[in-house]
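*Asks:* Chains as they are written, first to last, in the numbering used here: chain A, 1 to 101; chain B, 102 to 202.
Accuracy of the hints is not assured; some may be wrong.
Stated by the list, open to error - In silico DSS-like links for lysine-lysine, alpha-carbon gap of 30 Å or less: (1) A/K34 to B/K115; (2) A/K18 to B/K105; (3) B/K199 to B/K103; (4) B/K119 to A/K44.
Hints in this document: simulated from the structure, not taken from any laboratory. These numbers come from a predicted model, not from an experiment.
Number of protein chains: 2
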Amino acid sequence: MKFKKHVFICTNQKDAPKKSCGTEHGLALVEAFKQELTQRGLQKEIRAQRTGCLDACAFGPTLVVYPEGTYYGNVQLNDVSEIVESHLVNDQPVERLKLDF
Amino acid sequence: MKFKKHVFICTNQKDAPKKSCGTEHGLALVEAFKQELTQRGLQKEIRAQRTGCLDACAFGPTLVVYPEGTYYGNVQLNDVSEIVESHLVNDQPVERLKLDF
Chain A
1 MKFKKHVFIC TNQKDAPKKS CGTEHGLALV EAFKQELTQR GLQKEIRAQR TGCLDACAFG
61 PTLVVYPEGT YYGNVQLNDV SEIVESHLVN DQPVERLKLD F
Chain B
102 MKFKKHVFIC TNQKDAPKKS CGTEHGLALV EAFKQELTQR GLQKEIRAQR TGCLDACAFG
162 PTLVVYPEGT YYGNVQLNDV SEIVESHLVN DQPVERLKLD F
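Pulled out of the complex, with its shape left as it was, chain A reads as follows:
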């Protein structure tokens, strides 16, 4: 396993009026995760990156954390620190944001 945790954040953009993660700050989330991981010196073991559609558009902005396959929905910029600290560092998923897949 190249990375201890690998976070894929949807930045897909669909034409209005369809909701999509890309129009809902998906790319800003990618940057926020990268910044948080770099600040903590974790960027070599934990990777966050943009991805295409995760097939959960209605719950966007969405992301998935592997290897466990945990999906999160309606993720806001101020949720990033909590996801990093609780889930990525301490293996405790953030229950209030988890999608029931």
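Use these hints to put chain B onto chain A, whose structure you have.
*Replies:* Just chain B now, kept in the frame of chain A:
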């Protein structure tokens, strides 16, 4: 786990002369995987999608299969059927294409 297997294929494009998966048929690979999975009726349980840089540019085109976190490099269009059949369906990674991460 929303998907039994989740394949992330790099389609990142860098300016020449840097090698990158996007310029090396990354997007064509995404389409080939999607087509193969649909033909086999597996598109609900196995997902293949584009993603950003997987941090393995030198080995591109690259992809990673989760939940196991297996990286593949130098993947060609005529490798897609074998990866689907051997790894995604039968859980036998394709050793000749695996990256040693």
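*Asks:* Hint by hint, note whether the structure agrees.
*Replies:* Going through the hints against the structure:
1. A C-alpha spacing of about 19 Å is found between A/K34 and B/K115, which places the hinted pair at or below 30 Å, so the restraint holds.
2. At roughly 27 Å between alpha-carbon atoms, A/K18 and B/K105 fall within 30 Å of each other, so this suggested pair holds.
3. Distance check on the hinted pair: B/K199 and B/K103 sit about 24 Å apart at the alpha-carbon level, within 30 Å; holds.
4. Between B/K119 and A/K44 the alpha-carbon distance is near 21 Å, which keeps this suggested pair within the 30 Å criterion.
Figure legend: structure checked against the earlier numbered hints; every hint is met.
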